[in-house]
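S.K.: Chains as they are written, first to last, in this note's numbering: chain A, 1 to 439; chain B, 1 to 365; chain C, 1 to 275; chain D, 1 to 304.
It is possible that part of the hints are untrue.
[Claimed, not checked] Sample of chain C residues with no beta-carbon within 10 Å of chain A, all distances over it, derived:
{"no.": "1", "residue": "T20"}
{"no.": "2", "residue": "S26"}
{"no.": "3", "residue": "P30"}
{"no.": "4", "residue": "G61"}
{"no.": "5", "residue": "T69"}
{"no.": "6", "residue": "P79"}
{"no.": "7", "residue": "T92"}
{"no.": "8", "residue": "W147"}
{"no.": "9", "residue": "G193"}
{"no.": "10", "residue": "A200"}
{"no.": "11", "residue": "E213"}
{"no.": "12", "residue": "H222"}
{"no.": "13", "residue": "M224"}
{"no.": "14", "residue": "M228"}
{"no.": "15", "residue": "D254"}
{"no.": "16", "residue": "P255"}
[Unchecked claim] Selected chain B positions facing chain D (Cβ under 10 Å, derived; list incomplete):
{"no.": "17", "residue": "I207"}
{"no.": "18", "residue": "A325"}
{"no.": "19", "residue": "S328"}
{"no.": "20", "residue": "N329"}
These aren't lab readings, by the way, just hints derived from the structure by calculation.
Beta carbons are placed, not taken as given, at the ideal position from N, Cα and C, and that holds for glycine.
Chain by chain, the residues run as shown.
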Amino acid sequence: MTAIVHAHHTPTLSERLKDASAAAFIALILGIPMIGMTTVDQGGFLAVMTRWPQLALFVGLTFAGRILFSLALETIKRRSQGRKSGKSAASAAEAANAALKRGTKPESVIGWLAVGIAVALPIFFSEDRYIIDIATSVLIYIMLGWGLNVVVGLAGLLDLGYVAFYAVGAYTYALLSTQFGWGFWEALPVAGGLAALFGVLLGWPTLRLRGDYLAIVTLGFGEIIRLLLVNWTELSGGPNGITSIPRPSVFGYAFLPPDTEGSIADLLGIEFSPMHRLLFLYYLILLLALLTNLFVTAMRRLPLGRAWEAVREDEIACKAMGINVTTVKLSAFAIGAMLGGFAGVFFAARQGFISPESFTFSESAIILAIVVLGGMGSQLGVVLAALVLVMLPELGRDFAEYRMLLFGFAMIVIMVWRPGGILANRAPTLIHVPTGDKA
Amino acid sequence: MNKKTLLATCCVALMGMTGVAHADLAVGIAGPMTGQYASNGDQIRKGAEQAVADINAKGGVLGQKLKLEVGDDACDPKQAVSVANTMVNKKIVFMHGHWCSSSTIPASDVYNESQILMATVSTNPKVTDRGLKNIFRIMGSDDQQGKVGGDYIADHMQGKKVAVLDDKSAYGKGLADEIAKELAVKSITPVLRESITAGEKDYTGIISKLKTASVDVLAYGGYHTEVALLLRQAEQADLKLTVISGDTMTNSELVTAAGPAANNVMFTFAPDPRKNADSAAVVKEFRDAGVEPEGYVLYAYAAMQLFADAANKAGSVKYTDLRKAMASNTFNTVVGPLSFDDKGNLKSPGFVMYKWQDGKYDSVQ
Amino acid sequence: MTGKTLLSVQNLTMRFGGLTAIDNLSLNVPDQAITGIIGPNGAGKTTFFNCLTGFYKPTEGAVTLNHPTKGPIRLADLPSHKVAQTAQVVRTFQNIRLFAQMTVLENLVVAQHNALQKASMFSIAGLLRLPGYRKAADEAIERALSWLKRLNLMDIVNVPAGALPYGTQRRVEIARALCVNPLLLCLDEPAAGLNPKESAELNTLLLHLVQEEGVSILLIEHDMSVVMNVSDHICVLNYGRKIAEGTPAEIRVDPNVIKAYLGEDEDDQPVEKAS
Amino acid sequence: MAQALQQLINGLTLGSVYGLIAIGYTMVYGIIGMINFAHGDVYMVSAFIAVTTFTLLAALGVSSVPLALLVVLVVAVLFTSAYGWTVERTAYRPLRNSTRLAPLISAIGMSIFLQNMVQVTQGARVKPVPPMLSDGITLFTSGSYSVRISSAQILIIVLTVVLMAGFTWLITRTAFGRQQRACEQDRLVTAFLGYNVDRIISLTFMIGAALAAVAGVMVTMYYGVVDFYIGFVAGIKAFTAAVLGGVGSLPGAMLGGLIIGLLESFWASYLSPEYKDIGTFVILIMVLMFRPSGLLGRPEVEKV
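Work out the full structure: start from the sequences and follow the hints.
M.R.: Structural data, given as structure tokens:
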């Protein structure tokens, strides 16, 4: 096969400058009303405040950035041209075999390493509430990411209302525990089941819709659930949420101050410390997250899991193979919803307080971003993305304001750069190793 | 491998951040520093900063300098809980906040657990009704506020048609319920009792309802943004409304947004502490610094004074000592003398009716 | 050839708004034989397949499959996945629809989904790794490998299907269709993109399938070397109508077919403008 | 009865605004087959531009309301078009031949980006502008209830009608309109015919943004309060309007907008002001389920 080499034009310096000037000009236009000017309240009336230096900085950065970007693009193009070769069965097979040799080894090594670090973390930071809190948050997002990954990453269904199932789980536990005195472990399966039921209820009529329509319907569903929670005050407490949700207990023993009935500190005869509960919560979510991971990984290797991926790849071909696409999608939706529900139960139990504000569209967007940025379908990618996205704002306090801004920016850049996500390489679920020379 | 290094770096960075030993005494404030109600948060911050500076200038508390930690909950209950956790981690010994009742209620559970004393201006009765021992309210509560509002309507607006509206927030609904309760006592039946969803822009539907019922007086529990929108849309629909509301209407953004219609807003608020003889020096100090000590500025100042006095009286900043001192003494502050009952409510709260007039509010009789 | 009719199409009509893609088509497809469907572009061949396999609901007419064990099945009443699952009518696509990111082996195992899903008891037996499921899974792999071996595709078993060259993808798609255990295999231009050697191999394979495996084949093809060499029976479509039917030898000399292919009157056809 | 008439007027006003935004969704969907999720936020940006310009004009001492409105409209349309252009150029064009989900996710990213950009640069607080055009005409009085249409409402409705007429002319009678429609039918053929498809798509985004800018200015003037979150809600509702009318159909977008506006108005005053948004979302789901091609749209045939 002959490789086709496109004649490649390298832009001259003046062309580059012209291009960068154009970009800077657009930056100026866009920047004038947003960066250049703002309005401030002067106690009864507004006044315009100008920020020309910031605008100049922004335009300058755009100019420089554009030049650097085009240079970088040039280098990447030149390099990839060297690698580009004809596509033939032999070369494809070679590439695949090479990939097999490299294998999934490094990924699984990193995975085990991550588990090790996660288990050992509290040993080093057993007195640091802050670290344990952050780590718990990261794990909640990882679990949500893994749940949504079933729907978006594996089955390829864009769900913009995932947070609804998270909310269903959280409110189910909150109501069952505060109204009927249910414990965490009794409520967990019920809440998961209820979330799955909601998934089926939403999915049944809507899953035959095309991808982007489905996205909008799920978004609408997410908003309906949130609006119901805001407005149905009798059930949900409205915008004020539900307070004093009991924390999870261990075999009926709770993490309560000493001399309270059922205090685990009394039972074990150790000194009470609020940290014990935090550590317990941390290990609980770690356990839930790991179980989620095991479950999803196992599902992927089963017929149903493979059908999810097949539906993502080509629905029409699936139908031609006799696969009932609706059932397959519905199962992905229900299982994703159930995992979201479990995460919701934990969230409610950990916070001790929930309100509709925790279940807005931006929460859905964050979970989606974790799945998409990590690489759709990649379990490790989710971990990576959750770590980065939750830790970023914590590392620099002043950064927090810009977190969502960077979020949006990263979503665009990563989509443009790698439409499949960062860790986009898919590990096969089946590998045939020939026995003997030619089997 | 990359990830491992990243993680290690993160861990080291975090250790560095939290490992700093606090030689100073950390005290916290929390409220909406950003978001819709940021100007109220700003008042709290200015008041507390000035108070801490003044206390430190006099040698601090028990020989230690105060260090102010500021938390931003944007009036969002979810953020309030995470702010509370952060504050606990910063080992604060006293918290002034939060501002919104819906933030204070969930956050107080966290402070209570970690045994941190709070002084709040949140007015919802539930704030102090839940049996928490660590919370003191340095302002009246909505039942008292609602009574003043209801009485005012009964006494000064006889024969007018009244509607009671709220925004479903803990504060808004609480206040509206209390006003309605007081109206019932005075055997006035509101022609309409409704809720709206805060954050929306189009309230023409509810305005239309008010108009159909020929409402003259709107008793509203909620925040200033919605009041501004309601007033504007009422004006466009040619409906003349007088709004009776609560302490949240002290925000001057109400005037910016509602324009001249803001002159129809009356609200209950604690007696203006700027008029106290005791506060003259502090008020002057604020004005010299270019800050008008309106709204919650002096309350934040008073909260810090309260803490300093209580710590000095107890001779310690330990929770149990501090609590005992606070519960059993009367403190002279810039908002007047403060003393608390068993629940942590102010013993002698007062509310006065105010009215906006051309960009300023003043008390009415 | 058994002489029996496997599939009978009666007065099939498919309209899209004002456009009639298939016009009153009647056709009998013999059992255990290869039936070629030819015709110029836009003659309605692929639409015919879509009506057959449940992707389109025909406007009028009936399509009946005489299943050897299940009796007559009306295909137009079935949703597309049931056509493959129950009636065992399996198709390939003109523009190749493989599961691009999945490996060739995975593609072939997915094709056996229904049997495997039953064996895994809706994933429960699968999650518990019960022996019954493991046996079924191993058998599915064996079956896939045996077809790959037959089609000489063993060296690309673990390659993602999307990374393969066009001609290879065609063969993988046929192998995948065979894994569904078809009674009637509908191939939409299987020789497109194949080189002459591959084309010849395809001929051998098709004949083998009919003679050894008892599969019947419905074949849309432009490559006359394939159609004329393997078909037992040919049906020619033009503008949605059947214009000729018969053995390859008969078709070769049919004046209607020659006219349609040389396109005597096609010059006058107005090119449809975007409206 | 009087109340119904009043709500009809209020609903028409609201519906006009939704319709103007919905056109942006429908045009973009027609031409590149994607949901421009960031469109609602482009509208929100325009509202902020309007607030700044209003404030600036007031500071410069422009007291004539019609003049101020005209200037604000022109400024907002110009700057907002630039935003529309940039959104397409940076977030969508590189993904034009990608999978269906990639541009949608990129669009969500753009929406988050714009929302937070405004939050960071303009602040999270609501921005008020002083009331203007709040006088009006009392149509008739029944009992104590006077049905009234304010000058702002008249302006919104009239301006929408004029814009719709102009826009219909643009699409049906001009060279650009023909190219635009050709592009909707078949992008490849249009390119073969020698038209610059990229330019046509860019212009489509700019026109959509310009109409959203008009809506943004009108809303700023009508409600007088603007915050960074208005784009999300208005965007969803306008999108619902576009779907209801039939995505790709311009009269459908307007019709859908009016229906949603009226529905919301009547729902708020007769059923419950709290659940009116749920009403909108339920309609959205119902329409997509039972009539995905909308009221005026053409049904789509699945290509196999």
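S.K.: Please check whether the beta-carbon of C:A200 is more than 10 Å away from every beta-carbon in chain A.
M.R.: The assertion about C:A200 holds, with a minimum of 17 Å to chain A.
S.K.: Could you let me know if the closest chain A CB is still more than 10 Å away from the CB of C:G61?
M.R.: holds, 21 Å
S.K.: Classify the label on C:P79 as holds or violated, using whether its beta-carbon is more than 10 Å from each beta-carbon of chain A.
M.R.: Contrary to the label, C:P79 does not stay out of reach of chain A, its closest Cβ about 8 Å off (not over 10 Å).
S.K.: Just checking, C:G193 versus chain A, shortest CB gap more than 10 Å?
M.R.: holds, 13 Å
S.K.: Would C:H222 pass as off the interface with chain A, using Cβ distances and a cut of 10 Å?
M.R.: holds, 21 Å
S.K.: Is the Cβ of C:T20 farther than 10 Å from every Cβ of chain A?
M.R.: C:T20 clear of chain A: closest Cβ-Cβ about 24 Å, beyond 10 Å.
S.K.: Going by Cβ atoms, does C:P255 stay more than 10 Å from chain A at every point?
M.R.: Holds, because the least Cβ-Cβ distance between C:P255 and chain A comes to about 37 Å, which exceeds 10 Å.
S.K.: Let's test the interface hint: is any C-beta of chain D closer than 10 Å to that of B:S328?
M.R.: With a minimum Cβ separation of about 42 Å from chain D (threshold 10 Å), the hint on B:S328 is violated.
S.K.: Per the stated criterion, does the least C-beta distance between C:M224 and chain A lie above 10 Å, as a non-interface residue requires?
M.R.: Non-interface label stands for C:M224: nearest chain A Cβ at 26 Å, farther than 10 Å.
S.K.: Is the Cβ of C:D254 more than 10 Å away from each Cβ in chain A?
M.R.: Check passes; 32 Å lies beyond 10 Å.
S.K.: Does C:P30 sit more than 10 Å from chain A, CB to CB?
M.R.: Consistent with the label, C:P30 stays out of reach of chain A, its closest Cβ about 23 Å off (over 10 Å).
S.K.: Holds or violated: the hint that B:I207 contacts chain D, with Cβ atoms closer than 10 Å.
M.R.: At 9 Å from the nearest chain D Cβ, B:I207 passes the 10 Å test, so the hint holds.
The structure fails to meet hints 6, 7, 18, 19 and 20 from the earlier list, while all remaining hints are met.
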